[in-house]
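Read top to bottom, the protein sequences are chains Z and F. When you line the first sequence up against the working numbering, it's residues 80 to 408, in that order. When you line the second sequence up against the working numbering, it's residues 80 to 408, in that order.
There's no promise every hint is true.
Said to hold, decoys possible - Straight-line distance between alpha carbons at most 30 angstroms, and here's what the computed DSSO-like set of lysine-lysine pairs gives:
#, chain 1, residue 1, chain 2, residue 2
1, Z, K112, F, K400
2, F, K262, F, K231
3, F, K262, Z, K406
Because the hints were derived from the structure by calculation, they are not lab data. On a predicted model such as this, the values are computed, not experimentally measured, just so you know.
Protein chains: 2
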Amino acid sequence: MPDLYDVAAIGNAIVDVIAPASDAFLQAEGLEKGAMMLVDPAQAESLYSRMAGAVEASGGSAANTIAGVASLGGRGAYMGKVADDQLGQVFAHDMRAIGAFYGTAPLLGGLATARSMINVTPDGERTMCTFLGASTQLGPDDVDPALIESAKILYLEGYLFDPHEARRAFAKAAGLARASGRKIALTLSDAFVVERHRTALLEFVETQVDIVFANESELCALFETSDFDQALAALVSRPLVAAVTRSERGSVVAQAGASHVVDAFPVEKVVDTTGAGDQYAAGFLHALAQGRPLPVCGRLGSLAAAEVISHYGPRPQVSLKDLAASKGL
Amino acid sequence: MPDLYDVAAIGNAIVDVIAPASDAFLQAEGLEKGAMMLVDPAQAESLYSRMAGAVEASGGSAANTIAGVASLGGRGAYMGKVADDQLGQVFAHDMRAIGAFYGTAPLLGGLATARSMINVTPDGERTMCTFLGASTQLGPDDVDPALIESAKILYLEGYLFDPHEARRAFAKAAGLARASGRKIALTLSDAFVVERHRTALLEFVETQVDIVFANESELCALFETSDFDQALAALVSRPLVAAVTRSERGSVVAQAGASHVVDAFPVEKVVDTTGAGDQYAAGFLHALAQGRPLPVCGRLGSLAAAEVISHYGPRPQVSLKDLAASKGL
């Protein structure tokens, strides 16, 4: 198959509901700051009723990354399930409007489109409570072989280890990519996801993955250690590309034992960290698909992340392509 | 009745769909920059399919004003019609979350919740295409007499002159307010609205209104002149409070022949002017309800407007009460 896409991704298709919150609110609601927890419809409704006035914006980790790739001028394709409802229409519109391919059939007459209630504290940190809804109904039939076979890189989110059907979709997609000689990238997504599915994730990393994205806590959770250097060494010893993000301390990118420290781009004020990891992955994967050296991949990831944390919402508000050009990247 | 509310308002209950756009896009779509035009469902779908990736945020002119009053620490109540759909739930949540009273029954099984597609050009100017949907079904039965009789000021938006049933609701509300000795405030809303309903609006201003909000083009449209000073003189000669906004040139507030020029608050960068007039009205009405002098009312209006144009979306993102306190207002 020819290279029609730079990156094809599979993920939970989610609309974000983003509101300001105090640290006291998180505490009163029993929410672990910075984490993602899954909620059922009753918990979702209850939390929503106490949240502040919000804005809605299309989200979903891998979907945000594909939006970022498109904003960088890359060719992105996305697979993920929404319902045939207003928020599902919003999600589909936003994917296509940014220039990504999105063709997954919506779920008819079932669960509502997934929503993630994101409480943003004054320090910009985001804490997420996600109702997975229709996104859990993504199954192997939603995996389009033509998309995967024609994309340089298949990008998968660790969040997909939670819904059962999605894991089957995941396995099918990985098999197709492997069979077509495509690269497979994985983000660990969240430390609690790693704890819930450590064995399966490790097995997947060992046997299938070419490129791993993680932040410090996810990486430490994967290798059951609190020692970051030890966890990093464990990852880097494997024959893969590793990109480990460290918030304001930048990132470490590594391959075949050689690692590079990449600085974060300075940001005037961190408004909302939602989407930081997703946009880092977008910049990294876009540069990687173009055959750029790893430190440049990390640098473009940092730039995309810097843009997204300077405003509310998980996707770029400016053309990342123009932004990158203005920075000589 | 005791004063339970500072301001009770009636308006078109709308969710905004806000996206960046170029001037060329406005031109290609035949949209008049800065204006509000009404679209039918087919036009709405067609425009939406070409708009950029968007964020959704509760809007509606008078609803934004009530949200602003609540953010200032005032007691606000709102009447407006949404559908029993996801965007309707978003609208209701956001009104209550900011501390306003909102009790209008949603429309069941009919038109969808109103949406305004707002294209924001790089200069921050917003151009709106509104599908009125369920909001047109607001009728006299939705006007709660207890709310109007217990609010110091009834606030009405000129936009309500478009839907037929809403005008009957409007008349009922104004009658109730008048009978209870309450003040009636009106915003002219939009120059095209004024042109469509000039005679009815003038008649209403002459016979019922105590406080008029307008911008320059609306005022000139009302008095069929291109001479701002002449239009202003015509308004100020009437026995009412006038507050006329002039974008970056501030506003003019006047009563009984005496007028005051109020400067705009400086804004670092105008991001999105959506809600500027609505938040000006919020600050003005909140101060007026507290019996503050007119120039202070204008000053608080300017401050609230300055906050809202510095970010995407039509409602305050910070506590206007805290902001006002920090400015000694």
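These are the hints, each one checked on the structure:
1. Z:K112 <-> F:K400: OK: K112 of chain Z and K400 of chain F at ~27 angstroms, within 30 angstroms.
2. F:K262 <-> F:K231: 6 angstroms, holds
3. F:K262 <-> Z:K406: 56 angstroms, violated
Violated hint for the displayed structure: number 3, the only one.
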